[in-house]
Amino acid sequence: MKAIRASFFQMTMILRRDMMLFVCCLAPIPAGFFFRFAIPFLESLLTEGFHREAILSPYYKLMDILFAVLSPALFCFVSAMVSLEEADEKTAVYLFVTPLTKTGYLAARFGLPSAAAFFATCLLLPVFKLTALSPLILFLLAAGGALQGMIVALLVITISSNKLEGMAAAKLSMLTIFGAAIPFFLRSNLQYFLSPLPAFWIGKTVLQDSPLFMLPALVLSALWICVLLKGYLRKA
Amino acid sequence: MKLKHLFFMDMRFQAKYGFYFLYAVLTVLYVAILHALPRNWTENAAAILIFSDPASMGLFFMGAIVLLEKSQHTICALAVSPVRAAEYILAKTASLSAVSLVVAAVLLSAAGAEHFRPALLGTFLSSVLFTLCGIIAAAKTASLNQFILRTVPVEIVCFVPAILHLFQVTPAWLRYYPMNVCMDMISGHSVSAIGIFSVMAAAAVLFVFSKYRVLKMWDSMGGANL
Numbered sequence: 003m004k005a006i007r008a009s010f011f012q013m014t015m016i017l018r019r020d021m022m023l024f025v026c027c028l029a030p031i032p033a034g035f036f037f038r039f040a041i042p043f044l045e046s047l048l049t050e051g052f053h054r055e056a057i058l059s060p061y062y063k064l065m066d067i068l069f070a071v072l073s074p075a076l077f078c079f080v081s082a083m084v085s086l087e088e089a090d091e092k093t094a095v096y097l098f099v100t101p102l103t104k105t106g107y108l109a110a111r112f113g114l115p116s117a118a119a120f121f122a123t124c125l126l127l128p129v130f131k132l133t134a135l136s137p138l139i140l141f142l143l144a145a146g147g148a149l150q151g152m153i154v155a156l157l158v159i160t161i162s163s164n165k166l167e168g169m170a171a172a173k174l175s176m177l178t179i180f181g182a183a184i185p186f187f188l189r190s191n192l193q194y195f196l197s198p199l200p201a202f203w204i205g206k207t208v209l210q211d212s213p214l215f216m217l218p219a220l221v222l223s224a225l226w227i228c229v230l231l232k233g234y235l236r237k238a
Numbered sequence: 032m033k034l035k036h037l038f039f040m041d042m043r044f045q046a047k048y049g050f051y052f053l054y055a056v057l058t059v060l061y062v063a064i065l066h067a068l069p070r071n072w073t074e075n076a077a078a079i080l081i082f083s084d085p086a087s088m089g090l091f092f093m094g095a096i097v098l099l100e101k102s103q104h105t106i107c108a109l110a111v112s113p114v115r116a117a118e119y120i121l122a123k124t125a126s127l128s129a130v131s132l133v134v135a136a137v138l139l140s141a142a143g144a145e146h147f148r149p150a151l152l153g154t155f156l157s158s159v160l161f162t163l164c165g166i167i168a169a170a171k172t173a174s175l176n177q178f179i180l181r182t183v184p185v186e187i188v189c190f191v192p193a194i195l196h197l198f199q200v201t202p203a204w205l206r207y208y209p210m211n212v213c214m215d216m217i218s219g220h221s222v223s224a225i226g227i228f229s230v231m232a233a234a235a236v237l238f239v240f241s242k243y244r245v246l247k248m249w250d251s252m253g254g255a256n257l
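In the order they appear, the protein sequences are chains A and B.
The numbering used here puts the first residue of the first sequence at 3, with every later residue one more than the last.
The numbering used here puts the first residue of the second sequence at 32, with every later residue one more than the last.
Don't take each hint at face value.
[Said to hold, decoys possible] Now the stretches of chain A that chain B is said to cover, found in silico as 3 or more residues with beta-carbon under 8 Å:
1) 17-26
2) 55-62
3) 138-144
[To be verified] Heads up, simulated DSSO-like pairs for lysine-lysine below, C-alpha to C-alpha not over 27 Å straight-line:
4) B/K171 to B/K47
5) A/K92 to A/K173
6) B/K33 to B/K247
7) B/K247 to B/K35
8) B/K101 to B/K171
9) B/K47 to B/K33
10) B/K242 to B/K33
11) B/K101 to B/K247
12) B/K33 to A/K173
13) A/K4 to A/K104
14) B/K242 to B/K35
15) A/K173 to A/K232
16) B/K242 to A/K232
17) A/K104 to A/K237
18) B/K101 to A/K237
19) A/K92 to A/K104
20) B/K171 to A/K173
21) B/K33 to A/K92
22) A/K173 to B/K247
23) B/K101 to B/K242
24) B/K47 to B/K35
25) A/K173 to A/K237
26) B/K47 to A/K92
27) B/K101 to A/K92
28) A/K232 to A/K92
29) B/K242 to B/K171
30) A/K237 to B/K47
[Unchecked claim] Partial selection, computed: residues in chain A whose CB lies under 10 Å from chain B:
31) F79
32) L102
33) I161
34) N164
35) K165
36) L166
37) G168
38) M169
39) A170
40) A171
These aren't lab readings, by the way, just hints derived from the structure by calculation.
Note that CB positions come from ideal geometry on N, CA and C, so glycine has one too.
One chain only, chain B, in its complex shape:
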């Protein structure tokens, strides 16, 4: 019940601050780009667009979301409420993944992709990984610039291998790298059980670490350790 309320509160928060408007504009723009590209480029272009924007929005926006919550003292209220850190993280992950899935579905339709279900699953899994990375980076930051700086290495580690993997210029063993598995799913390539397991394991590790970071953040609210 608490999780459901948190989920809808997060969605209201995102709607209020123009998140949905932004993604409506970006989706129109991306669809226009996909239509302007030669037919044989669209599937790879759609995969890159999905992976680098809707799927990774949690990483890009989490700093602003958490810092705004801090300045509005929402986190202080949550810290003393019965809400658990795991619920806070799950609600954020689910609400951002929902937006990712809608945008990805539109882009996949525009690209005429036939692998709809695996691509959406790949989008969801990459969105979860990116959002958890965003929470880990945001929980400890004090300013937007600091957050942006902290996400740069994460972006390099996540995007570069995945995009190179899409063009098949990575060594074979990197096909089990979680981000590459997600990219394979988004671009309609088959993935192995080991690949899926590596994504799940990465998500579990990131979840545990983000929970630890959120608890630390809650403990340090109000200028003193509770």
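Only chain A is shown next, with the shape it has when bound in the complex:
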């Protein structure tokens, strides 16, 4: 545990040097203000301009999901970038043979940032949410978001072996988050083609206000994380 803590603080030092720590900690707040105030303002402008009753408001629940995933995605994305640098500079392989071990390294790089993001979301989402979400859904949404952030980061480091591949993988893995939008836009059974994505079930949970849908989201997230962890540990 001591090694994991030390490794986590070492990463925060790197992020502080790049100013990224500052951005990570602060960015969800202006983003929250944007979601909470700018989007309803835009909605009023758009509905007036296009003479329609609602344009963005039917998707406010989706905005809440995106905000719930924002902090974890941000925290885990910057951790993934640090891991890519460490893989390129070969420092990661040296860390694996220290008391930190491979799993400790992953816990320091992705476990702790996800946990921090979970707490940040639990604090910020009730303040900046656009729709009425029950405390249970809020909690589950924060948990689902944290796991989704971890999946994105693990995808990046598992399928790529250098910075450039990492950026390409980041672009692709971020798309998994948009699985949450599918239940909002695709009402036919065709939507279930994307049901292996945990984000799809997070979308269904919020859209139908049914916490039961979080069960497949959590099970699928665990499966994705297990498979990706296995893949990374085999590769590293």
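Here the structure of chain A is known, so what remains is to put chain B in place on it, guided by the hints.
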């Protein structure tokens, strides 16, 4: 000749690191999105997709490209070779613009756009501007996170006015803003000679600045000033 070799080397580098695979996947996805949208939305959606992804890929990926070249010591080799900074920049710009043009052509066909040639020219010009901005930001960075952070203001300055301009909510004088001119071309609106001139002038200024940044980067390679 050196430029041709650099161009093909860059293309091999991009192919090796999964660039083309990524854009093949993204193109399929974008075409699916365009087909799923109502018919009257597709042209604007295609313009936004082209402008925000294939055209701007140089800005998004340049940090990773330059940092990988630094860690593989390719830049040290280039710095002592007869290759000139201008050739290095032109090869990168041309190779990334080529990918942008192919992806944009597919998206324009999927959207059923009739203004094919001006849209491709707009894609090419915006790709050049974005790639040059990417080189300027990447040449001085030491880590990916630092690069990502540096590109955020560039993205805001480039994307926000252009997307607002597409929906005609910007003041009239902003139609000469280089990014808005490019967006006009991609979305099939007519552009004035002054607009084209502003894009060319922006490209020239960015080229000169990126050349200065690349030379500085080459000079500082190896831990000491050469």
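Can you name, in rising order, the numbers of the hints this structure does not satisfy?
-> 2, 3, 12, 16, 21, 22 and 32
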